Structures are given as structure tokens and as C-alpha cells.
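The listed protein sequences derive, respectively, from chains A and B.
All residue numbers for the first sequence refer to the numbering used here, where the first residue is 1 and numbers rise by one.
All residue numbers for the second sequence refer to the numbering used here, where the first residue is 1 and numbers rise by one.
Treat the hints with care, as some may be off.
Ranges between beta-carbon positions, derived for each pair [unchecked claim]:
#1 A:G27 - B:G199: 31 to 41 Å
#2 B:N274 - A:E4: 33 to 43 Å
#3 B:D429 - A:E183: 10 to 20 Å
#4 A:P226 - B:E146: 48 to 58 Å
#5 A:G27 - B:L23: 31 to 41 Å
#6 A:G274 - B:N274: 52 to 62 Å
#7 A:P2 - B:H452: 40 to 50 Å
#8 A:E4 - B:A272: 32 to 42 Å
#9 B:E150 - A:G27: 56 to 66 Å
#10 A:P226 - B:L98: 28 to 38 Å
#11 B:N274 - A:D323: 53 to 63 Å
#12 A:P2 - B:R362: 45 to 55 Å
#13 B:G199 - A:D28: 33 to 43 Å
Think of the hints as simulated: they come from the structure by calculation, not from any bench.
Computed from a prediction, not measured in an experiment: that's the story for all the values here.
The beta-carbon is built from N, C-alpha and C at its ideal position, and this holds for glycine as well.
Each chain, letter by letter, is given below.
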Amino acid sequence: MPKEVLLPELAESVVEGEILKWLVEEGDVVAKDQPLVEVMTDKVTVELPSPFSGVLVKKLVKEGDVVPVETPVALIEESAEAAAAAPAAAAAAAKTGAEEEDRGERLSLFKPDKTETEAEVKNPFTSDSPRRAATAAAERPRAGVNKYGRVLAVPAARQLARELGIDIAQVPGSGPNGRVRVEDVRAYAKQGPAAAPAAPAAAAGFPPPVPYVTPSGNEDREERVPLRGMRRIIAQQMMASHLHTVRTLIVDEADVTELVALRQRLKVRAEAAGVKLSYVPFIFKAAVEALKKFPAVNSSLDDARGEVVYKKYYNLGLSVATDAGLVVPVIRDVDQKTILELAAEIGDKVTRAREGKLTPEEVSGSSFSVTSVGNLGGLFSFPIINVPDAAILGVHTIQKRPVVKDDGIVAREMLYLSLSFDHRLVDGAEATLFLRVVIEHLEDPYWLMLHAV
Amino acid sequence: MYDLIVIGTGPGGYHAAIRAAQLGLKVAAVEEGAVGGVCLNVGCIPTKALLHAAETLEHAEKAAEFGLVFAEPERDLTKMGRWRDKIVKKLTGGVASLLKGNGVELIKGFARFTGPHELEVDGKKLEAGKIIIATGSKPAVLPGFEPDGEHVLTSTEMLQVERGVPEKLLVIGGGVIGLEFASIYARLGSEVTVVEYEGQILPGSDPELVKLLARSLKKQGIAIRTATKAVGYEEAGGGLRVTVEPAGGGKQEVLEASKILLAVGRVPVTEALNLEAVGIKTDARGFVPTNERMETNVPGVYAIGDVTRPPLLAHKAMKEGLVAAEHAAGRPAAFDQQIPAVVYTQPEFAGVGMTEADAKERGIQVRVGRFPLSASGRAMTLQQTEGMVKVIADAENDLLLGVHILGPGASDLIAEAALALEMAATATDLALTVHPHPTLSENLMEAAENLHGRAIHILNKR
Chain A
1 MPKEVLLPEL AESVVEGEIL KWLVEEGDVV AKDQPLVEVM TDKVTVELPS
51 PFSGVLVKKL VKEGDVVPVE TPVALIEESA EAAAAAPAAA AAAAKTGAEE
101 EDRGERLSLF KPDKTETEAE VKNPFTSDSP RRAATAAAER PRAGVNKYGR
151 VLAVPAARQL ARELGIDIAQ VPGSGPNGRV RVEDVRAYAK QGPAAAPAAP
201 AAAAGFPPPV PYVTPSGNED REERVPLRGM RRIIAQQMMA SHLHTVRTLI
251 VDEADVTELV ALRQRLKVRA EAAGVKLSYV PFIFKAAVEA LKKFPAVNSS
301 LDDARGEVVY KKYYNLGLSV ATDAGLVVPV IRDVDQKTIL ELAAEIGDKV
351 TRAREGKLTP EEVSGSSFSV TSVGNLGGLF SFPIINVPDA AILGVHTIQK
401 RPVVKDDGIV AREMLYLSLS FDHRLVDGAE ATLFLRVVIE HLEDPYWLML
451 HAV
Chain B
1 MYDLIVIGTG PGGYHAAIRA AQLGLKVAAV EEGAVGGVCL NVGCIPTKAL
51 LHAAETLEHA EKAAEFGLVF AEPERDLTKM GRWRDKIVKK LTGGVASLLK
101 GNGVELIKGF ARFTGPHELE VDGKKLEAGK IIIATGSKPA VLPGFEPDGE
151 HVLTSTEMLQ VERGVPEKLL VIGGGVIGLE FASIYARLGS EVTVVEYEGQ
201 ILPGSDPELV KLLARSLKKQ GIAIRTATKA VGYEEAGGGL RVTVEPAGGG
251 KQEVLEASKI LLAVGRVPVT EALNLEAVGI KTDARGFVPT NERMETNVPG
301 VYAIGDVTRP PLLAHKAMKE GLVAAEHAAG RPAAFDQQIP AVVYTQPEFA
351 GVGMTEADAK ERGIQVRVGR FPLSASGRAM TLQQTEGMVK VIADAENDLL
401 LGVHILGPGA SDLIAEAALA LEMAATATDL ALTVHPHPTL SENLMEAAEN
451 LHGRAIHILN KR
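Input sequences plus hints: build the corresponding full structure.
Pasting the structure below:
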């Protein structure tokens with residue numbers, strides 16, 4: 001009996017993964033721990049190693065499928081024996097095939113071939129596509145998983161779904177016996193997958209997203225790319241943050257002239273120690289001091305239980321722009337690390353983020369985040385909160401600006417800081433004072449040093 | 001350099017080529033033999049021509065019942081053959097001009113792969129962005145009965161009716177091809193015996209209707225031996241002595257025949273295409289597996305029709321051809337439809353969707369509606385009252401699962417059932433739809449009514 005390969009829980013709180021790329025083909029002999037398939041979860045790509053050796057009998061999921069953890073993704077006929085037996089089995093099958101040919105009844109013109117396993121399409125009533133098998137395992141309420149092995153949908157609805165890139169099995173049917181009609185596909189396309197099943201948003205008077213229609217005459221002047229992988233995850237995260245936080249902005253500025261001088265001086269020594277010293281470790285440290293004073297900024301809302309979760313740890317996320325998109329590596333226990341240690345760790349994680357080599361653990365579990373929009377330009381930004389955090393600190397370009405000091409105008413190294421906070425968790429006064437504390441520590445880095453571990 | 005090359009111009013191939021051209025691709029079609037493939041040249045079309053000719057004999061005979069007595073017909077088999085050829089020629093010519101009119105370049109020759117996007121046709125290299133394999137199938141061979149053009153014939157040779165009508169025809173294989181030729185030659189005067197290895201003719205089809213069909217065929221003088229294996233034959237005194245035995249083994253028997261028709265199914269044509277060279281997978285029986293978009297395991301290479309998988313049906317190939325062409329042109333397309341099947345016996349046999357056995361296998365409780373043609377006014381006026389319509393629905397929700405028809409016009413009537421299945425109709429939908437009277441189509445409605453115990457023209461058993 002072939003064994004199922006389940007999608008493991010790739011990291012804590014990871015509930016699903018997107019199948020990016022199969023690395024082996026059906027019929028291939030695979031060794032234990034040989035990578036089978038590339039799976040993307042929460043912005044990280046991992047290669048799923050084979051849990052046992054044998055022959056990959058069947059892929060149960062397709063590239064592009066998003067499958068929950070514990071879903072069978074492949075069938076493997078285990079053991080070296082099986083591997084050795086595979087060619088023999090194939091030969092045996094060939095032999096049976098020959099006999100059947102001889103008798104002819106297997107090749108009846110009339111009867112769809114039931115022994116066919118490789119081909120997906122036969123009489124659709126008597127075939128289950130691998131995708132459907134996979135979703136059955138996922139135990140999602142889907143129209144496609146029924147005793148008929150076939151979605152009940154009219155042909156025009158099937159074609160419309162194909163044209164819109166919608167899996168017809170996902171569309172709730174409103175016809176008799178749940179038959180999917182053309183209108184159902186249209187409605188589903190408008191509402192989007194998340195809203196469609198229960199449509200709570202629509203019920204609450206939430207307008208559906210504006211559907212995109214190509215302006216006529218421009219059909220050939222557009223390129224359509226499937227929303228896949230990282231871009232899809234980013235889109236989902238951003239939408240979740242946008243819809244489910246009460247994002248509020250406060251902007252302030254810091255005079256970091258002394259910090260610039262200090263870093264300039266320490267940079268050389270750090271470099272000698274093999275560490276590139278940026279401003280980020282200082283900002284992290286300043287943020288931690290402020291977080292300690294204002295625990296609400298270091299909290300999350302557990303909506304399901306109606307509880308606010310105050311975290312006694314300071315895990316800071318750092319937004320990193322990579323070729324593949326936005327990644328947020330998390331530096332754990334920032335309060336317990338020295339600035340030099342932080343600098344080294346940040347350097348390492350940023351590098352690996354750009355290479356796409358972070359593990360799922362390394363991009364999850366933040367309690368607060370910092371996004372550095374620094375050298376790209378812009379006066380200040382309104383960052384989107386890295387949910388479920390309560391706030392995010394935007395750090396901008398340090399540049400000399402005229403400042404009034406002792407009634408005279410002087411050139412100082414100035415830094416704009418923007419704090420996006422979830423107003424459900426953090427009050428305006430708290431946020432303002434939080435930012436003040438950050439600024440105090442950045443303006444007087446020697447004060448910051450007194451808190452150094 | 002072409003956008004698309006289609007190998008083969010059978011029903012699947014020419015559909016693919018024309019649709020791809022319609023969608024703006026630069027298309028070539030490679031054909032080794034005659035345009036139109038098996039279907040047009042030596043399959044669907046010429047057999048239907050001969051069936052019609054043979055049926056006319058029967059109609060003339062049966063006309064005596066209503067007082068029209070014809071003299072014994074003269075039989076000019078050469079003329080019959082010419083008429084058959086005329087139809088074939090007209091259709092293949094039509095396909096050729098459709099290909100041309102759509103801008104498909106027709107290349108004569110045998111194609112073999114030299115790369116995933118490259119073919120060699122008689123020494124000439126052709127390149128294409130996408131390639132569709134539509135090479136079809138050929139008759140399968142049974143050891144001991146290798147076709148020799150003299151004693152053991154294939155369907156292709158049996159179409160040559162001008163070669164004469166054998167006195168005793170032994171047909172090996174009770175599938176579609178075997179039964180259609182058995183029907184033709186029985187009416188032309190052969191004493192026909194059909195030998196089938198399985199327990200019933202048309203294995204896998206609704207057994208109740210198959211039983212009725214077998215009864216009709218026997219009435220027409222066709223002997224049917226199911227669960228029987230053809231072992232071998234020898235020449236003896238100008239005839240043939242064919243040895244058969246029970247399928248499970250047992251006492252051998254000798255049947256006499258003047259000709260043997262070998263109709264034990266068909267096998268895909270893939271050899272010499274050099275598929276291995278570009279890594280295109282075939283299964284143990286030589287079929288080229290594809291996904292629902294008709295893509296093979298090699299990107300850009302599609303396969304359609306008989307070469308992919310049973311059932312080997314022209315309309316399946318046609319639909320697959322359209323799907324492959326549309327996908328190759330970058331359009332969303334997939335084959336996810338029901339495939340109706342038809343046998344041109346008399347009465348005709350047609351079915352779409354599940355049989356009762358299929359439903360049982362899936363654990364579905366069914367209700368079955370039946371309507372015998374003996375209760376149909378229209379069938380009586382056509383002198384064709386043998387047969388039955390069966391409608392199968394889910395007992396739980398009335399969803400239509402399958403329709404099986406034995407009777408005149410079944411080949412046309414089944415299309416309504418296919419549409420009903422595609423629309424996920426219920427038996428009630430069929431029953432509530434007004435069907436014109438008097439027609440054969442009413443019987444479908446009546447069968448659906450019977451499923452609910454409400455047919456008008458029969459007493460409904462509850």
C-alpha cells in the first residue's frame with residue numbers, strides 16, 4: 001500500500017502552504033529526505049523532504065494549490081523493495097495490458113476505461129481529479145467534493161470560471177442540488193474567495209471590491225500574471241491588516257546628530273569585529289525601552305477570546321524589501337542582546353531574507369515591527385501594521401535640516417519617525433508618549449547606553 | 001516556424017487545426033494517409049452509409065406488413081461501394097477545403113519527433129511552438145487471428161462490401177465495431193456469429209438493455225456467443241474451421257466460417273513517432289496520458305483522441321481537439337464534459353452518464369425509470385418497437401445520473417440527455433419538459449415520469 005506524504009506543520013501557527021513547484025515526477029524513485037516539492041508558507045519557501053524512500057506513485061496536489069497542513073500531498077510506495085519492484089510491476093501491467101488487448105474488451109469503444117490511473121479526464125462522472133482528492137482531504141466544504149465526483153455546474157458556468165481563473169469547485173451553487181449557475185460564478189468573482197461562502201461583509205453593508213474589467217481596446221496592451229506565491233501572501237496580509245486594525249498615525253521628529261556621530265565613531269570598530277553597524281540596532285533598543293513603558297504597544301488582540309495579550313518579550317520585526325517582495329524577519333529578545341549582537345543578527349537575517357533562505361520560524365512571532373523607508377526617499381510614510389502586532393514604527397531618511405536651537409538656526413541631523421498604531425489597543429496619548437520615549441533615547445544615545453545589556 | 005503543428009487530420013486533428021487557426025495561430029497539419037482519418041475514411045461515416053443501405057433492405061421487407069410488397073431487390077454491391085465512396089470523398093474534400101479555407105497548411109507525410117518543438121516529416125524539419133498528437137488508433141490484433149486480407153479481415157477490409165458478402169461470417173469481438181458489421185452483413189445475407197470473451201456484448205453497458213439488444217440481434221439472425229474465447233482457426237475444404245472454448249476454459253468447439261472479422265478493439269498509434277526521444281510518456285498499453293487540458297507530460301505537447309485513452313470515440317476526439325487548440329492559443333479550456341456513446345445496431349443503443357452499476361460503485365442509491373418502446377405510438381408507426389429508455393436518478397435528490405436508450409433514433413435522442421446531465425437537471429426537469437407528440441423523444445419524458453411512478457402510457461409498478 002502506498003503511504004501518504006502529509007504536508008507537515010512547517011512552523012508554529014502555519015496553517016497552510018502553497019505548492020510552488022514539484023521537484024520529482026510521478027514514477028520517480030525518491031530517497032528518504034530527498035526534497036519532493038517546494039512549499040511556500042508565510043513568505044518563506046521550504047523544500048519538503050520525503051519522509052520515506054520509495055517510488056512516488058502519485059502527486060495529490062498541483063502547483064499553485066494552497067493546502068492546509070496535514071493534507072496528503074503525495075503517495076509513495078515505500079521501501080527499497082517497492083522501488084525495486086516498481087519496474088517489475090510496470091512490466092506486469094504491460095503484460096496484463098497485452099492480454100487485455102488480445103481479448104479486446106478493455107479497449108471497448110463504448111466503455112470509458114476504468115483501469116486508467118494516469119489520465120485525469122475520462123468520463124468525468126467516474127474520475128476524481130487529484131485536486132479534488134486533495135481538497136477532499138482538506139475537508140473544506142466544497143461543491144466539488146460530492147458523491148458524483150463532479151461539480152454540479154452548467155457548462156457556461158464552467159467556462160466562465162475557467163476564464164476568470166476560478167476553481168469551479170469553490171463556487172457555492174444556488175441552483176437545485178447546489179448547481180452552480182453562471183450568476184453564481186459572477187457573484188463569487190465579485191466577492192472574492194474569503195467573502196463568498198458566508199458573505200458576512202456583504203450582509204454588513206460592506207461594498208464588494210470593484211471588479212477589474214479591461215478597458216475595451218486595451219486587451220493586447222495588458223499582461224495578466226496569476227496572483228501567486230509571495231505576492232498573494234503579501235496581498236492577503238496587507239488586506240487583513242487594512243481591514244482588521246484601526247490604523248492611526250502619529251509623526252514626530254528626532255534630532256539624531258549625536259547618534260550619527262556616535263555611530264560614525266563605532267562603525268569602524270564594529271567593522272573590525274566583522275559587523276556592519278547600521279542605525280537599526282539603536283532604533284530597536286530605543287523602541288524596546290519605550291515598549292517597556294507602554295505595554296499596550298507591545299500587545300495583540302485575541303478577538304476570538306475577547307482578550308488583549310500583553311507580551312513579556314520583545315521580538316522585533318524588520319521590514320526588508322527583497323526582489324521577491326516584502327519580508328519581515330524577526331529578531332527575538334531584543335532587550336537581552338547588545339547593540340553589537342543585534343547588528344550582527346540583523347545583518348545575517350537581512351542577507352538571508354534577500355536570498356529567500358529564512359525559515360518559517362524566523363519570519364513569525366513578532367510583537368512589534370520597524371520599517372525603514374530610509375534611503376529610498378519620501379518625507380514620511382503611513383506604514384501598515386504587521387498584524388497581529390499593535391503598532392509599527394516607520395523610520396525615514398536622516399538628513400541635515402535647519403533647526404531652531406537657542407533662538408538661532410542651526411543645521412542638525414534630523415529623522416522623521418511615524419508610528420502606525422491600532423487605536424483599539426493603544427490610546428493616542430500613549431502612542432504620542434511612546435514616540436517621545438523613542439526620540440529621547442535616539443537623541444541622547446548615551447542615555448540609551450545606560451540600558452544596554 | 002509554426003505556432004502549432006497537428007499530427008493527424010482525423011476528427012480530433014482537424015478540429016484542433018481549424019480552431020487554432022480561428023484563434024489566429026499559424027497552423028500546419030501533417031497527414032500520412034487520407035485527410036479525415038479513420039472516422040471519415042474507414043470508420044464512422046462509411047459504416048453508417050452501409051448500415052443505411054442494409055437497413056433499407058429490411059424496411060422494404062417489413063413494408064409487406066402494411067401492404068407494400070416489393071420485388072426481390074437487385075443487389076449491385078459495386079454501386080453500393082461507389083455510393084459509400086462518394087460520401088467519403090465529399091466529406092474528406094470538405095474537410096480539406098475547410099483546412100485550407102482557415103489557412104491551415106496541409107503537409108503530407110509521416111511525422112516523427114526530433115525535439116519537443118520539432119518534427120521531421122519525410123526528411124524535412126518543421127518547428128512549432130506547440131504540437132498536438134492526434135494520430136488515432138488502429139485495430140488490435142489477437143494472436144492466432146492475424147489479419148491476412150483473405151481469411152481474417154479487419155473493419156477496414158469489411159467496408160469493401162464490393163468484395164462480396166461472405167456466406168458465413170464469424171465476428172470476434174462483441175463491441176461496437178463487431179456489432180455494427182454483424183448488423184450490416186446479416187442484412188446483406190451473411191449468416192453471422194459474434195464471439196465475445198466477456199459475459200455480455202458491449203461490456204460495461206447497461207446489462208438490461210444489452211439483453212434486449214441481444215434478443216433483437218438474434219431475431220435478425222445473428223448468433224451471439226458470450227463468455228467465449230476464440231482459440232484459433234484452420235482452413236478446411238474451402239472454408240474456415242474456428243476453434244472456440246468457454247472463456248473460463250473447458251470443452252472446445254468448432255464453428256464454421258467463410259470469413260473472420262477481427263474486431264477486438266483498437267490500439268493507439270504511437271510507434272515510429274519517436275515519442276521516447278523527447279520524453280513523452282506512454283502508459284503500458286501505449287496510450288499517451290494527458291491532463292484535462294490535453295497536455296502531455298512534456299510542456300507544449302498535447303495529445304487528443306484515440307491516442308490518449310478510451311473511450312475511442314470521434315466526438316470525444318473532436319472536443320479534445322478543441323480544448324487542446326484553445327489551450328495552445330492561450331485560452332482557458334478544459335475537457336470536463338460527459339461523453340455520450342452510441343452503437344449503430346438496430347435498434348440503436350446509446351448512453352450517457354452513469355449506469356446503475358456505476359452509481360452503486362459510488363454508493364449512490366438510485367431510482368430507475370423505464371419506458372418500453374412497445375408502448376410508444378411513434379415506434380409502432382415506424383415498425384420499430386423493440387427497445388427501452390432508462391432514466392437513472394439519485395434517489396435522494398432526483399439528480400439525473402444517466403440515461404440509456406435502446407431504440408430507433410437513440411443516437412440523436414441521447415443528445416437531449418447529455419444536455420440534461422450537463423445542466424445538472426433532475427428527472428423531474430425531464431418529466432416536466434413538454435415533448436412533442438408523437439415522437440420518440442416523448443419516451444425519455446415518459447421514462448422520467450415512470451421514475452416517479454407517473455408515466456401515462458404504461459402501468460407504473462411501485
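Structure-based check of all given hints:
G27 (chain A) and G199 (chain B) have their C-beta atoms about 34 Å apart, which keeps the hinted 31 to 41 Å range intact. Against the hinted window of 33 to 43 Å, the Cβ-Cβ separation of N274 (chain B) and E4 (chain A) comes to about 37 Å, which satisfies the hint. Distance hint for D429 (chain B) and E183 (chain A): a CB-CB separation of about 18 Å, consistent with the stated range 10 to 20 Å. The hint said 48 to 58 Å for the Cβ distance between P226 (chain A) and E146 (chain B), and at roughly 53 Å that hint holds.
In this structure the hint that G27 (chain A) and L23 (chain B) lie 31 to 41 Å apart at CB holds, the actual value being about 34 Å. Separation of G274 (chain A) from N274 (chain B) is about 58 Å and conforms to the stated range, judged on CB atoms against 52 to 62 Å. A hinted range of 40 to 50 Å holds for the C-beta pair P2 (chain A) and H452 (chain B), which are about 44 Å apart. The hint said 32 to 42 Å for the Cβ distance between E4 (chain A) and A272 (chain B), and at roughly 40 Å that hint holds.
A hinted range of 56 to 66 Å is violated for the C-beta pair E150 (chain B) and G27 (chain A), which are about 43 Å apart. The supplied range of 28 to 38 Å is met by P226 (chain A) and L98 (chain B), whose beta-carbon atoms lie about 35 Å from each other. In this structure, N274 (chain B) and D323 (chain A) break the distance hint of 53 to 63 Å, their C-beta atoms being roughly 41 Å apart. In this structure, P2 (chain A) and R362 (chain B) break the distance hint of 45 to 55 Å, their C-beta atoms being roughly 22 Å apart.
Taking 33 to 43 Å as the suggested C-beta distance range, the pair G199 (chain B) and D28 (chain A) conforms, at roughly 39 Å.
The earlier numbered hints that this structure contradicts are 9, 11, 12.
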